[in-house]
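Protein chains: 2
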Amino acid sequence: MTVLVVGSVALDSVETPFGRADDVIGGSATFFSAAASHLTKVQLVGVVGDDYPLDRLDALASRGVDLAGLERADGESFRWRGRYRHDLNSAETLETRLGVFSHFRPKIPEAFRRAPFVFLANIDPRLQLEVLRQVDRPKLVACDTMNFWIESRRSDLLTLLEQVDLVTLNDAEARQLTESANLVKAARWILDRGPTHVIIKKGEHGAFMFTRDSVFFAPAYPLEDVFDPTGAGDSFAGGFIGYLARTGDVSEASMRRAVIFGSAMGSFAVERFSIGRLTEIGMDDITNRVRAFHRLVSFEAELPP
Amino acid sequence: MTVLVVGSVALDSVETPFGRADDVIGGSATFFSAAASHLTKVQLVGVVGDDYPLDRLDALASRGVDLAGLERADGESFRWRGRYRHDLNSAETLETRLGVFSHFRPKIPEAFRRAPFVFLANIDPRLQLEVLRQVDRPKLVACDTMNFWIESRRSDLLTLLEQVDLVTLNDAEARQLTESANLVKAARWILDRGPTHVIIKKGEHGAFMFTRDSVFFAPAYPLEDVFDPTGAGDSFAGGFIGYLARTGDVSEASMRRAVIFGSAMGSFAVERFSIGRLTEIGMDDITNRVRAFHRLVSFEAELPP
Numbered sequence: 000m001t002v003l004v005v006g007s008v009a010l011d012s013v014e015t016p017f018g019r020a021d022d023v024i025g026g027s028a029t030f031f032s033a034a035a036s037h038l039t040k041v042q043l044v045g046v047v048g049d050d051y052p053l054d055r056l057d058a059l060a061s062r063g064v065d066l067a068g069l070e071r072a073d074g075e076s077f078r079w080r081g082r083y084r085h086d087l088n089s090a091e092t093l094e095t096r097l098g099v100f101s102h103f104r105p106k107i108p109e110a111f112r113r114a115p116f117v118f119l120a121n122i123d124p125r126l127q128l129e130v131l132r133q134v135d136r137p138k139l140v141a142c143d144t145m146n147f148w149i150e151s152r153r154s155d156l157l158t159l160l161e162q163v164d165l166v167t168l169n170d171a172e173a174r175q176l177t178e179s180a181n182l183v184k185a186a187r188w189i190l191d192r193g194p195t196h197v198i199i200k201k202g203e204h205g206a207f208m209f210t211r212d213s214v215f216f217a218p219a220y221p222l223e224d225v226f227d228p229t230g231a232g233d234s235f236a237g238g239f240i241g242y243l244a245r246t247g248d249v250s251e252a253s254m255r256r257a258v259i260f261g262s263a264m265g266s267f268a269v270e271r272f273s274i275g276r277l278t279e280i281g282m283d284d285i286t287n288r289v290r291a292f293h294r295l296v297s298f299e300a301e302l303p304p
Numbered sequence: 000m001t002v003l004v005v006g007s008v009a010l011d012s013v014e015t016p017f018g019r020a021d022d023v024i025g026g027s028a029t030f031f032s033a034a035a036s037h038l039t040k041v042q043l044v045g046v047v048g049d050d051y052p053l054d055r056l057d058a059l060a061s062r063g064v065d066l067a068g069l070e071r072a073d074g075e076s077f078r079w080r081g082r083y084r085h086d087l088n089s090a091e092t093l094e095t096r097l098g099v100f101s102h103f104r105p106k107i108p109e110a111f112r113r114a115p116f117v118f119l120a121n122i123d124p125r126l127q128l129e130v131l132r133q134v135d136r137p138k139l140v141a142c143d144t145m146n147f148w149i150e151s152r153r154s155d156l157l158t159l160l161e162q163v164d165l166v167t168l169n170d171a172e173a174r175q176l177t178e179s180a181n182l183v184k185a186a187r188w189i190l191d192r193g194p195t196h197v198i199i200k201k202g203e204h205g206a207f208m209f210t211r212d213s214v215f216f217a218p219a220y221p222l223e224d225v226f227d228p229t230g231a232g233d234s235f236a237g238g239f240i241g242y243l244a245r246t247g248d249v250s251e252a253s254m255r256r257a258v259i260f261g262s263a264m265g266s267f268a269v270e271r272f273s274i275g276r277l278t279e280i281g282m283d284d285i286t287n288r289v290r291a292f293h294r295l296v297s298f299e300a301e302l303p304p
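Line by line, the protein sequences are chains Z and V. Reading the first sequence from the start, the letters are residues 0 to 304 in numbering that gives the first Met the number 0. Reading the second sequence from the start, the letters are residues 0 to 304 in numbering that gives the first Met the number 0.
Simulated from the structure, these hints should not be mistaken for laboratory data. Incorrect hints may appear among the rest.
Unchecked claim - Subject to a maximum C-alpha distance of 27 Å in a straight line, what follows is the list of computed BS3-like cross-link-like pairs (lysine-lysine):
#	chain 1	residue 1	chain 2	residue 2
1	Z	K138	Z	K40
2	Z	K201	V	K184
3	V	K138	V	K106
4	Z	K138	Z	K106
5	Z	K201	V	K138
6	V	K201	Z	K184
7	V	K184	V	K201
As the list claims (entries may be wrong) - Here are a few chain Z residues that face chain V, going by a calculated C-beta distance under 8 Å:
#	residue
8	W79
9	L182
10	F207
For every residue, glycine included, the Cβ atom is placed at its ideal position computed from N, Cα and C.
Working from the sequences, and respecting the hints, build out all of it.
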């Protein structure tokens, strides 16, 4: 089954303790697609400026990402410049230039409107709602968001929550949105507003998936070298939704495996700048890492007599 | 099998967002014993002043904690006063009065010297080494430490590492000791100095157990109400070593279950002030929580065809 993703396609300039990269391809829809395309067909909707090196998206196109919904507008592409210090868990934004992204109005091509899985990456909740008006009863809609929209578009975001099945957000955002320091309470607050599933991402500390009746936790994979954390969250979402779309199965057992596929993709994303590692790995790498996650948390619950 | 613990027996005064408690029983050996005594016999070595309300330790004695090694010295008991704000992961120490603890020289009673499991709680590494000179080839020795000793007693601590099987420390302490920001590298650095197992505790973010060949991760249990985090780490150690001593089994599978028993005990400890919750629970509560941990992380690793 196909996944539709609507989000940013950007140029990132990143400094980490291990090096720097200038104007490499980035953006939420890009990372999401690079991860999800290992598992299923992806349809991407976004916008770039007339300065965008489109040939660098060939790596996505050749993996089956349909770029027919990638609009090219006059002006500058969305650029983000950031830095990570030794605490790789938080980025310091040095510069954000929205460029053509500031006038983005997502237009979902006719051929994309029946995608059974939809991921609304982190964009203005008003635009996320516009996307939902253009699609035809998807099987599962997930959305992401960020502090900026929680602050400036709170009521639109609450309307959006009524219309999605699943929300991904990080721990700080969950606390900000719900005004609860406790993540269990924060998750319940969100579940009360519509979604059946809430995924709270804690970066290097893993991710929780909450439903009304259950909690699932996946650690982040303990890597020796985290090279560049940019895009880990969107790669997680790509692995997660990609797995669900591949199997078409949204049972609890499948959702749990999907979280692990998401965590695996997040762990690959941080091993190189940009989508470098995500476009290099194959299915064997992915299943090996999923098994490594299994070894990481496995224990027998029963006491010996 | 019996566990010997050497550590502090203190009076804590704690403020949290949910209330305050004054001069309640605390200390590393106290929390450790309250947790471990659910699983096995415990022998405690420590010191209190002539002002200590010894009757409040009846809750431990009645659970089979042998207090014959608890020395009563002239002077004031060890007192700690601290505060937790909404971020319950870090305590703010308002006052520490070592009292009789500042002259503590652990004397291991003859009857305690053959305990097969030994936990050297967080005290001066020179005293931890003195304890090791008094015991008779235990099956497993574990130690804890803290930032103060890493800073002031580094060479003694390195000597200690050569003589223990297992170290527990928190993530900040692991980074400080090894001068490595990455926990995988930090763990390897420690393993290179002697221990076969390193447990790195991350508070609300769970705990890693590293060996040369494996990594195991246990999340912290997602509680709705973390009432008072004091003693969680020592309760973890009590559950962990207590489980090993109960089974006498130090295989990898057993060590993994032990980490979960430790995590369960840590999760109970934070539900009340002092050892309130730990002395209230029974074996059913413990096994139920261990099963809840299993549900929290369980997933099937194999892809459907």
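Tested hints:
no.: 1; hint: K138(Z) <-> K40(Z); verdict: holds (15 Å)
no.: 2; hint: K201(Z) <-> K184(V); verdict: holds (21 Å)
no.: 3; hint: K138(V) <-> K106(V); verdict: holds (20 Å)
no.: 4; hint: K138(Z) <-> K106(Z); verdict: holds (20 Å)
no.: 5; hint: K201(Z) <-> K138(V); verdict: violated (38 Å)
no.: 6; hint: K201(V) <-> K184(Z); verdict: holds (21 Å)
no.: 7; hint: K184(V) <-> K201(V); verdict: holds (16 Å)
no.: 8; hint: W79; verdict: violated (24 Å)
no.: 9; hint: L182; verdict: holds (7 Å)
no.: 10; hint: F207; verdict: holds (7 Å)
The structure is inconsistent with the numbered hints 5, 8, although it conforms to all the rest.
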